[in-house]
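Protein chains: 2
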Amino acid sequence: MAGFGTVGSGVWKLLKENGDLITSRSHGTARLEIRRIAVRDLEKKREVEAPTNLLTTDCASLVDDPSVDLILELIGGTGAAFELVASALRAGKPVITGNKALLAERGQELFALARKHHTPIYFEAAVAGGIPIIKGIQESLIGNRIRSIAGIINGTSNYILQRMTEAGLGYSEALQEAKKLGYAEADESLDVNGWDAAHKAILLGSLAHGFLIDHRQVYVRGIEKVTPLDIRFASELGYVVKLLSLVIARENGSIEIRTQPSFLSKKNILASVHGVFNAVAVKGDFVGQSLFYGPGAGQGPTASAVISDLVEAARSSHPDRGFLPHRIDGELVPIDDTSTSYYVRFSVTDRPGVIADIATVLARHQIGISGTHSPVDPDHPDADFVDMVFLLHTCPFGVLKTALAEVEQLDCLTGRPVVFRIETL
Amino acid sequence: MAGFGTVGSGVWKLLKENGDLITSRSHGTARLEIRRIAVRDLEKKREVEAPTNLLTTDCASLVDDPSVDLILELIGGTGAAFELVASALRAGKPVITGNKALLAERGQELFALARKHHTPIYFEAAVAGGIPIIKGIQESLIGNRIRSIAGIINGTSNYILQRMTEAGLGYSEALQEAKKLGYAEADESLDVNGWDAAHKAILLGSLAHGFLIDHRQVYVRGIEKVTPLDIRFASELGYVVKLLSLVIARENGSIEIRTQPSFLSKKNILASVHGVFNAVAVKGDFVGQSLFYGPGAGQGPTASAVISDLVEAARSSHPDRGFLPHRIDGELVPIDDTSTSYYVRFSVTDRPGVIADIATVLARHQIGISGTHSPVDPDHPDADFVDMVFLLHTCPFGVLKTALAEVEQLDCLTGRPVVFRIETL
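Heads up: the protein sequence lines correspond to chains Y and W, in order. All letters in the first sequence, in the order written, are residues 0 to 424 by numbering that gives the first Met the number 0. All letters in the second sequence, in the order written, are residues 0 to 424 by numbering that gives the first Met the number 0.
Heads up, a few of these hints could be off.
Heads up, the list lumps identical chains together, so a pair's fine if it works in one copy or across two of them.
To be verified - Here are the simulated DSSO-like pairs of lysine-lysine, each with C-alpha atoms no more than 27 Å apart in a straight line:
| no. | residue 1 | residue 2 |
| --- | --- | --- |
| 1 | K179 | K224 |
| 2 | K266 | K282 |
| 3 | K15 | K282 |
| 4 | K43 | K178 |
| 5 | K282 | K12 |
| 6 | K265 | K12 |
| 7 | K43 | K265 |
| 8 | K266 | K15 |
| 9 | K12 | K44 |
| 10 | K115 | K266 |
It is worth saying that the hints were derived from the structure and are not from the lab. All figures in this text were calculated on a predicted structure; none of them were measured in a lab.
Next up, chain Y with everything else stripped away, as it sits in the complex:
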């Protein structure tokens, strides 16, 4: 085991508490024993105490030790973790990892090494903690063409958005609260900028569609700029704002993939995913709609996922647990070509003709308006700017961008338009 932080401690505790149960459930085929633990600092005070003779600062020694059969990578990051995983695969030792960034950004190299050395990489813990969505897609749904995957797969963002919704908090306040409760890390950037969720979606999409999705081509937006105002308007219109990760297969086989804060009908089952819980809804051509729901992070759930991989690796090396490409023509849809309906909020000076001006531009681009919403703040009926919401019919995002660039030239605009997609799943 490399890394002995929250998840590593959880694995240690789980094996201590339930190791015998696991052995008996597998009738002795899975006897899991931690032989060595690589850490950065031998002196650090830790949550659980492991025998000091197991600890080492020499990561490479895990791979070299002939008594070690499997490598559990829990270091995080894409540097030292990459070296460790690569050297383990070269040595033919199966790897279990929960490192989504590593696989989403450097999976190309690692999965190729895995195939070359016929050595599996298991990564159930990398996506949605305790939810068995990797196994779900790779095994349970193997008979299905996957039509869509829609996930709420970053608990921190989901918690922050929920608090902004329920309590009307601003983004910063909600973030501070999440930090205080341990739901956001000291450096929250990957959680709130959408990339943590995007990394997971890249892995799910790659497994579902058979080609490794290039993270540089993926559209990702975070929740940092979501305002309580848009959340309130969403609610008044029957929606909730969720950080949604979508992987959608088009009829022609190309794939839309995006992660961004989106509007979702309050009636959608994903709308009731609260707090730090995660959920992944998968549509397959035979299975129809299915949903996996559970804790998306945390010590216990992540350890549970790691252990399921360890047991599977111990029982039988499944060479295709990892990623076997099965499509060479996999192609992503450029974000400008993806279509949904939209919520657009314009901040405008309140003068006659504003609506007409904006509507004229939209009409010129063939964008239909399905509704408008522009409540007046009861406390400031004479404020000299107003928020004007347009709900727009489905059109390609590129067309919308072009139209909005023109609207921005109008002198009645006092700020940039705010856009949310309205997703119907």
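The hints should help you fit chain W onto chain Y, whose structure is shown.
Just chain W, lined up with the frame of chain Y:
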């Protein structure tokens, strides 16, 4: 493949449409080909046409054919299906089945045969159709002590109860509607009497707790006697009525298992499982709460589950897919010793002292009353009987039964008390 009805046709279609995809996803390790199909009637007109040279009426010939590696049992029932599965196992041919009744009632013999011949039985399709709950418990949650399993695992019942709730239909009307829509079979008895759900719960509980649960010791009640009145009262009190299957582990290791229509808070995530969908919520000591949701039956979803088992069996015979007992002291809690709070509806003559009489009996048995509810029908304020609901504090079911037997002696009662458990999950 034995049996070529709805599910068999689905498997045939799935392999035809997605067989190449499955082969490429597994990099050639899973090449699935149907070699023989045993049917009862060669002449019967079927949904899909299979080459006539594959059809046979001789079930035993499937096992005898040396070109057949795996047996897919889709006959149903516990007679001929038992013979087929047993002979396949004796011949060392892995079995895939969706037959929950067979495994729940005759699993003792079949799982023993499987172990003796080191030949697996796969049965993902037996529980909740397209939802991968067998794999979920056997593999994904293998590191967890399972605290509880709560399932809505009979779509027919769930549909009927939902229609009774939404539209105020009576049980028979709702059943007729379900039949018309194909959500209930011609013979609906196993669905509505609770045993279909109970069979599934027996399998889930056995896998989770390591001993084969004896179906004769399981408490099962169906939905046939649920009335629109109780559903309405439930709603007024903040509950929905669901056919719930529960497997609950006590601290001392013994297991409560029961299937019965129960009250569930409208806020519980299981309350929003609508129509013929199924959901299984599992609590584990490390993973916490997780939920699996999807279509619980139907051609496509069930075929999807069968295929996932077929692929797994083709890739690697997992000898413990089946049932490996790992507890010899497994014990069920007698139903009289299980405790919840309760909704009890008494039909009484409306005379002074009725409430006092009933409350006195309950008090004598130390049963606390947490609330009462006795709305008057606005159209019949002078009706000569009333429905009086008591919400009772948690007590053992046996104590409640004894108390209610005494209440029934009171001359103010005009019918038998109606009892629902209130489950807090």
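Status of the hints after comparison with the structure:
| no. | hint | result |
| --- | --- | --- |
| 1 | K179 / K224 | within (21 Å within a copy, 51 Å between copies) |
| 2 | K266 / K282 | both (18 Å within a copy, 26 Å between copies) |
| 3 | K15 / K282 | between (38 Å within a copy, 20 Å between copies) |
| 4 | K43 / K178 | within (23 Å within a copy, 66 Å between copies) |
| 5 | K282 / K12 | between (36 Å within a copy, 18 Å between copies) |
| 6 | K265 / K12 | neither (39 Å within a copy, 36 Å between copies) |
| 7 | K43 / K265 | neither (47 Å within a copy, 48 Å between copies) |
| 8 | K266 / K15 | neither (43 Å within a copy, 36 Å between copies) |
| 9 | K12 / K44 | within (16 Å within a copy, 59 Å between copies) |
| 10 | K115 / K266 | neither (47 Å within a copy, 51 Å between copies) |
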